[in-house]
Amino acid sequence: MLGSSIILGLSTCAFALNARYDGGYRHARDNDRVAKPSATRPPGYGHSVAGVPYPTKLGNYTSIKPGPTSVPNCAPYWLENIKHQGLASFNSNPESYQVWRNVKDFGAKGDGVTDDTAAIQQAITEGNRCTPGYCESSTNTPALVYFPGGTYVISSSIIDYYYTQIIGNPNCVPVIQAAANFSSTGGLGLIDASPYQGAGPRVGRTGYGPTNTFFRQIRNIVLDMTKIPANVSATGIHWPTAQTTSLQNVIFNMNAANGTQHQGLFIEEGSGGFMTDLVFNGGNNGFNVGNQQFTTRNLTFNNVNTAINQLWDWGWTYTSIKINNCRVGLNVSAGGSSAVNVGSITLLDSEISNTPIGITTSRTNNSEPAGAGSLYLENVKLSNVGVTVLGPNGPYLQGSAGSSVIAAWADGHRYLPNGPVEARGPIAPSKRPATLLDASGNYYTRSKPQYGSVPLSQFLSARDLGAAGDGETDDTKALNAAILQAKKEGKILFIDAGYYKVTGTIYVPPGSKLVGEALATVILSAGEYFNDMSAPRVVVQVAQPGEQGTVELSDLFFSTKGQQKGAILMEYNLGTYSGEPSGLWDVHTRVGGFAGSDLQTEQCEKTPDVEITKANLVQECIAAYMSFHITKFATGLYMENNWLWIADHDLDDARNNNTQITIYAGRGLHIESLRGRLWLYGTAVEHHVKYEYQFVDTRDVFMGQIQTETAYYQPNPDATIPFPEDRALSDPVFTPSSNSSVNAASGWGLRIVRSNNILGYGVGLYSFFDNYSTACSAVGAGARCQTRILSIEGDRNSYDINLYNLNTVGTTQMITRDGVDLASNVDNNSTFVDTINVFRINSFGA
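Under this note's numbering, read the sequence shown as residues 1 to 846, first letter to last.
Hints may contain errors.
List time: in silico BS3-like cross-link candidates among lysine-lysine, alpha-carbon distance up to 27 Å [to be verified]:
hint	residue 1	residue 2
1	Lys-477	Lys-83
2	Lys-487	Lys-83
3	Lys-477	Lys-488
4	Lys-227	Lys-109
5	Lys-487	Lys-322
6	Lys-491	Lys-83
7	Lys-322	Lys-381
8	Lys-431	Lys-632
9	Lys-488	Lys-83
10	Lys-227	Lys-322
11	Lys-83	Lys-104
12	Lys-431	Lys-381
13	Lys-614	Lys-632
14	Lys-491	Lys-614
15	Lys-109	Lys-83
Restraint ranges, calculated between C-beta atoms of paired labels, are given here [said to hold, decoys possible]:
hint	residue 1	residue 2	range
16	Lys-109	Val-232	57 to 63 Å
17	Asn-366	Ala-401	28 to 34 Å
18	Val-454	Gly-549	42 to 48 Å
Read the hints as simulated data drawn from the structure, not as lab findings. Note that CB positions come from ideal geometry on N, CA and C, so glycine has one too.
The task is simple: from the sequences and hints, build the whole structure.
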């Protein structure tokens, strides 16, 4: 994701952050273009908003554990007991470096009495890891820090490190409990994922660049702040972060006494991201958050002053949210009507109960920017809600004392398909395909399986079965054999951390369940087999065409080593026609920019001052033909938190500077499933040559906040090289008629061809650069990085297209249909992005 500073605002936090946080910068990746927003503060405790009083006190709360964590006994967990032999393959000492760390092995007691702060911190920092404030990033020091069941008392912040997974036992969820004298000196929150620096090269800033902070998880943890006095500011997790990150199954217990200053989660910047299965009990703010974009699912807020305080965003999708006994459900009024900070909010399949104000917004018919504050609600259930949507001067949508359902309601710019029309009020809800719904009529969701009830005897280890995972040995035969053996025995294959070099296709048959370790399990293609652009070959193939069944894959990376002109990193053919779909959770592609890839600064540093042609293009940096292909045979696939990334910078840069690099990969995510039945929650695709997302002859696709970035080097070279048009893959044709002569042919962010029932709840399509210059996307520059970014093609064969809260950056025309531009950025200026609230093409192309 972008890492020069690209803006947008935050309002002042709901608690003092000292001078280290001065009102909110939104950093992009290489260029400081910052606009300070006006400061705002959410309504104070015990005050009223527009005459609607809050309750006089917070009620008692009950700690609610999401899903399978409500287990009365401390059952064993396979991950704790399996043999630990994962490798950091390109670490300077791979044999001695520890990927797996049990906090009790470092002296933590978990007895509810002993101060475990130092022991936990040692478990995180051991091994010369990437220190915040001094190390920008590193893939060479991954760690999985494990908490067995117990109560771990801490007296100061636990500082999280880059590439760290903090995981507790889901069968007996461990508690991290702040002592009554807890001090956040040196950090912010019980867990601080990027502490503000008082010295060093990042003084005054977070320890890691928020939009470059990847590869981290926290799951299966209870954070207990109840011993900290209510009038003392306290935070559960400080989480300024980007893609390939997640919070899952985390409970935030906060002091609920009058005047509480506690907050559960604080995010002030970044480029996320995904979160699910979180519970917030008590406190002033549950969520106090600002970020470019996020997908958040299955969040529960009980007895919180303000459940969600939205500091800023470009696009944020909330689904399956439950707000109970709060004063304000969702505050999106940051910045006020003269300087709206929130770009867009999408809320669907959610419930608000016993809450005086459901949503408060600063958007009006005359607010600035005109497109900002865009709000879309669909299938939101209400019970005893005083005002559902409250504007600056009074209610926009009344509530009710009883129960009711908002089928669909929108506030912003509408294109149906022409516009813009400024509208606020009810709108016909989406026609939801039955294939995408659960028994309740909500969109289907499913959390990443952790196999908490599966005994250790039902797991096999890839390394035990002969795979080396050292990044040097050819593991093709060993890994294929291990996958087939696990499937034959009906067991789950644990692919230990490490880089598994393969020189031929890895086949994943129906019935397979594969689990990686520490987000550090990488299948790495290499050799001539994958290096023929005229005969592309698949690195990881899930099923052969025509095969049926299910698979489950999680915590895996697919990558390439050096020149791989014909590598298709993943091909998905499996047909799951009924019942639970198959799933890919935290399955990512990463091409270039890491140690061992042979695609780093030394080989592929950017050259913006050189005109790139077919003759002088660096052939060694052509690294993939396509990232992910969902074929016409495939159906029934659930994807969650997936990032298909062609590296724009070197993660293991010897200069420690995230130096920009140019890597060529032809195509991003190509979907041509004839039956569809596909869910994409929290997915992102970045920096491919021809397109990021392409849907051809498909149907019934749900998208929950997708996000793209055009390749930074384009149009030098443009999208016509180095990959020729592949008609068999329905490649777009780039000609002067489809892109302006100013920036020539740049890749599409999203292309929809002859497809129907496409539902996008949050769509972010970004073009920040023109030949590595961000001048084209600066505020007031006229969005000149790219002329067009979203194409809908096929005349009347593309219909029932529903896109909610479409946000674009650097793009003159936001939507193009069969070569005709429908929406211009100048009509939809928002925060840093340009925003369309509702775009629809109805049945039969109307």
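Query raised in the report: Going straight from one Cα to the other, do Lys-477 and Lys-83 come out at no more than 27 Å?
Result: Roughly 22 Å separates the two Cα atoms, so the pair holds.
Query raised in the report: Given the hinted pair Lys-614 and Lys-632, is their alpha-carbon gap at most 27 Å?
Result: Not satisfied, since the Cα-Cα distance of roughly 33 Å exceeds 27 Å.
**Report entry** Holds or violated: Lys-227 to Lys-109, with C-alpha atoms at most 27 Å apart
**Finding:** 19 Å, holds
Query raised in the report: Hey, Lys-477 versus Lys-488, does the alpha-carbon distance stay inside 27 Å?
Result: At roughly 16 Å apart (the allowed maximum being 27 Å), Lys-488 and Lys-477 satisfy the hint.
Report task. Determine whether the Cβ-Cβ distance between Asn-366 and Ala-401 falls within the hinted range of 28 to 34 Å. Result -> With Cβ atoms ~32 Å apart, the hint holds.
Query - 27 Å Cα cutoff - pair Lys-431, Lys-632 - result: Between Lys-431 and Lys-632 the Cα gap is close to 23 Å, so the pair holds against 27 Å.
Report task. For the pair we were handed, Lys-109 and Lys-83, check the Cα-Cα distance against 27 Å. Result -> 22 Å, holds
Query raised in the report: Using the C-beta atoms of Lys-109 and Val-232, is the stated range 57 to 63 Å upheld?
Result: 25 Å, violated
Query raised in the report: Taken at face value, is the distance from the CA of Lys-83 to the CA of Lys-491 at most 27 Å?
Result: 16 Å, holds
Query - Pair hint outcome, Lys-322 versus Lys-381 [Cα-Cα no greater than 27 Å] - result: The hint holds at about 9 Å.
Report task. Starting from Lys-431, check that the Cα of Lys-381 is at most 27 Å away, please. Result -> 18 Å, holds
Query raised in the report: Taking 42 to 48 Å as the hint, is the beta-carbon distance of Val-454 and Gly-549 inside that range?
Result: At roughly 19 Å between Cβ atoms, Gly-549 and Val-454 fall outside 42 to 48 Å, so the hint is violated.
Hint compliance for this structure: hints 5, 13, 14, 16 and 18 are not met, and every other hint is.
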